[in-house]
Amino acid sequence: MYFERILHIDLTQGKSWVEPMDARQIQPYLGGIGLAVRLLYDHLPAGADPLGPENVLVFAPGPFAGTLVATGGKHAVVAKSPLTGMIGDSLSGSFWSHTLRRAGYDALVLTGRADALSYLVIQDDQVRIRKAGHLAGLDTLATEDAVRGELGSEEFSVSAIGPAGERLVCFALIANDRGRMAGRTGLGAVLGSKNLKAIAVRGSRTIRIADMVGLEPLTMDLARRCQGPMTEKYRGLGTPSNVLVFDYLGTLPTRNYRQTTFEGAEKVSGEALSRRYVERVVACSGCPVACEHVAVVRDGPYAGARARIDYEPLYAVTSLWGVDDLRPAIRAIELAGLAGVDAISAGTAVAWAMECFERGILKRGDFDGLEPRFGDAEAGLAVLEKIVRREGIGDLLAEGTRRAAEQVGGDSLDFAMQVKGMEMAGYDPRGLKTMALGYAVGTRGACHNRAPGYSADIQGRVSRFAGGPDHGAALVDLEDKAALLDSLGICKFIRAVFGDFYAEASRLYRAVTGLELTPEMLALAGPRICTLKKAFNIREGWTAADDRLPRRALEDAVPAGPNREPLMVKETELQAMIAGYYAARGWTADGQIPKSQLIALGLEDLAKDTGA
Numbered sequence: 050m051y052f053e054r055i056l057h058i059d060l061t062q063g064k065s066w067v068e069p070m071d072a073r074q075i076q077p078y079l080g081g082i083g084l085a086v087r088l089l090y091d092h093l094p095a096g097a098d099p100l101g102p103e104n105v106l107v108f109a110p111g112p113f114a115g116t117l118v119a120t121g122g123k124h125a126v127v128a129k130s131p132l133t134g135m136i137g138d139s140l141s142g143s144f145w146s147h148t149l150r151r152a153g154y155d156a157l158v159l160t161g162r163a164d165a166l167s168y169l170v171i172q173d174d175q176v177r178i179r180k181a182g183h184l185a186g187l188d189t190l191a192t193e194d195a196v197r198g199e200l201g202s203e204e205f206s207v208s209a210i211g212p213a214g215e216r217l218v219c220f221a222l223i224a225n226d227r228g229r230m231a232g233r234t235g236l237g238a239v240l241g242s243k244n245l246k247a248i249a250v251r252g253s254r255t256i257r258i259a260d261m262v263g264l265e266p267l268t269m270d271l272a273r274r275c276q277g278p279m280t281e282k283y284r285g286l287g288t289p290s291n292v293l294v295f296d297y298l299g300t301l302p303t304r305n306y307r308q309t310t311f312e313g314a315e316k317v318s319g320e321a322l323s324r325r326y327v328e329r330v331v332a333c334s335g336c337p338v339a340c341e342h343v344a345v346v347r348d349g350p351y352a353g354a355r356a357r358i359d360y361e362p363l364y365a366v367t368s369l370w371g372v373d374d375l376r377p378a379i380r381a382i383e384l385a386g387l388a389g390v391d392a393i394s395a396g397t398a399v400a401w402a403m404e405c406f407e408r409g410i411l412k413r414g415d416f417d418g419l420e421p422r423f424g425d426a427e428a429g430l431a432v433l434e435k436i437v438r439r440e441g442i443g444d445l446l447a448e449g450t451r452r453a454a455e456q457v458g459g460d461s462l463d464f465a466m467q468v469k470g471m472e473m474a475g476y477d478p479r480g481l482k483t484m485a486l487g488y489a490v491g492t493r494g495a496c497h498n499r500a501p502g503y504s505a506d507i508q509g510r511v512s513r514f515a516g517g518p519d520h521g522a523a524l525v526d527l528e529d530k531a532a533l534l535d536s537l538g539i540c541k542f543i544r545a546v547f548g549d550f551y552a553e554a555s556r557l558y559r560a561v562t563g564l565e566l567t568p569e570m571l572a573l574a575g576p577r578i579c580t581l582k583k584a585f586n587i588r589e590g591w592t593a594a595d596d597r598l599p600r601r602a603l604e605d606a607v608p609a610g611p612n613r614e615p616l617m618v619k620e621t622e623l624q625a626m627i628a629g630y631y632a633a634r635g636w637t638a639d640g641q642i643p644k645s646q647l648i649a650l651g652l653e654d655l656a657k658d659t660g661a
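Numbered according to our numbering, the sequence shown spans residues 50 to 661.
Treat the hints as calculated values from the structure; they're not laboratory data. Mixed in with the good hints, there may be bad ones.
To be verified - EDC-like, lysine to aspartate or glutamate: derived pairs with alpha carbons at most 20 Å apart: (1) Lys-64 - Asp-173; (2) Lys-64 - Asp-174; (3) Lys-530 - Asp-519.
Unchecked claim - Just the calculated beta-carbon pair ranges, DEER-fashion: (4) Pro-643 - Gly-409: 47 to 53 Å; (5) Arg-254 - Gly-651: 27 to 33 Å; (6) Pro-69 - Ala-628: 39 to 45 Å; (7) Tyr-297 - Gln-175: 54 to 60 Å; (8) Ile-648 - Arg-177: 42 to 48 Å; (9) Thr-255 - Glu-653: 36 to 42 Å.
This one's a predicted model, so the numbers in the text were calculated from it and none came from an experiment. C-beta: ideal position from N, C-alpha, C; glycine also.
Assemble the whole structure, with the sequences as input and the hints as a guide.
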């Protein structure tokens, strides 16, 4: 059941208070991403500086956090992104979500800025702001350990930033529970801009279940299916198994997207990782799948490096850099986690810098004597270290590839692989047309998670080689379901285990909360949450011109078809897909939201800002 309490903390004033919020007010947004975005929309002044004290940072667990629902322990972190200037939303699966709920809150809303580096302590109804100057410069793990040590209890769940967050690297992340990350859109920089090093939470309340008798068989059945064939990939090699899959499909980003297959793919594959480096497999809180593979380097110059390896950070420091050695890759991912930066954005920034150097746009002197070429892992690591320290060229790259390219000039923006300022993920759009559309229209930028178009492409729901209006409807369906999973706090890796997702998820919700939620009501929540995010972006200045792909995707053909014929995303294809997407959403031809659509979704109060 919901606690019906939102904790607000004004760091400037050093004050906290609880806002009552009826469960019926929360229900349209479910929790997690949906609730967090609603709170952000309501409390953030339009046009606020993402790194100013007026930005609002919201943490919101899903309604299943702390219950028996498998993988239901995710929490959302949301603010205006310093990387894009638009909606910044991220997710993490950890005990932090359980603990915030046990403290008695459905969400935490932070405003203002502390007068010195500090950390928050939330223990049930008690809120304290403690000085943290002595924690300055500590990495994410050391910060968590130090805070727990000072508080004298391992029962505190801690979210923390590393030195990159303190230095306001625009793609800094927020870490929690020793290796879990709210990774994308630069929310670690927002926390750093508020002079907060960490947030420690401990709670003693009971998370009440409306119908435990009804919930138990539902959760037992779900957990059983989570151990079935639909999750075998994740339980086996984990997401690094994607390396060889996408290399085979001709969609593995290589050398800053200049190629889409990598001759060294076998050497950096999930299979190679498992054979030589995986030490153990770990799971997020409440997860029966256990997909994360912890890898350790045992020899060579990177001996002792240890990191949790997923596909996204792996491709970003191997094929994207032209590097076929897993040892420096493990070290790079470890460095990103400890320093507290999103490895996708950081890896892409390094790859862009490598291409700039090879083209002669940036010189040896720009890199303080380094010569960062594709294939040189040591140079890539050195540039990554400069980013997290904001040292030399790293100070520019820490702003993200879009701003870096705008400052460097020339044709460097053509191969800055980002949309709306956020760097692309590990799926080349030229051979995955629904993914191309998802990158272009995604509310948080070039995202594979909120707009997972690749699944429609690979499953053959639409052609992955030729884009058209039908791709729009396919993407809308995927986005809506993703928004529901993100708001309920359920991991997307179990999405395929549901037979009838809407019926099953609504039964789980009713058993946990005691609130009536039909499959039809749940289905309406997906477009409501997606439209709310779009409305936020419109209020912050979005126009249809922002729904674009980098020129490389539109003009540089790559061999990605079934016979390796040259493929690109033609401008006519992209515009046809975007038109189909806007139509499927019920929006105008220029992507604005009609007032009638807002009313139909129960968002009529947004019409003053966004209604066409």
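Given the range 36 to 42 Å, decide if the beta-carbon distance of Thr-255 to Glu-653 lies inside it. 37 Å, holds
Measuring from beta carbon to beta carbon, are Pro-643 and Gly-409 in 47 to 53 Å? 49 Å, holds
Whether the CB-CB distance between Pro-69 and Ala-628 falls inside 39 to 45 Å: 44 Å, holds
Range hint 42 to 48 Å (beta carbons of Ile-648 and Arg-177) holds or violated: This hint holds: roughly 44 Å between Cβ atoms.
Just to be careful, I want the Cα atoms of Lys-64 and Asp-173 compared with a cutoff of 20 Å; is the pair within it? Cα-Cα ~16 Å, so holds.
In this structure, is the beta-carbon distance linking Tyr-297 and Gln-175 contained in 54 to 60 Å? Roughly 55 Å apart at Cβ, these two residues keep to the hinted range, so it holds.
Decide if the proposed pair is consistent with the structure: Lys-64 and Asp-174, CA atoms, cutoff 20 Å inclusive. Distance ~13 Å between Lys-64 and Asp-174 Cα, so the pair holds.
Hint says 27 to 33 Å; check whether the CB-CB distance for Arg-254 and Gly-651 agrees. 30 Å, holds
Taken at face value, is the distance from the CA of Asp-519 to the CA of Lys-530 at most 20 Å? Measuring from Cα to Cα gives roughly 18 Å; hence the hint holds.
The earlier numbered hints are all upheld by this structure, with none contradicted.
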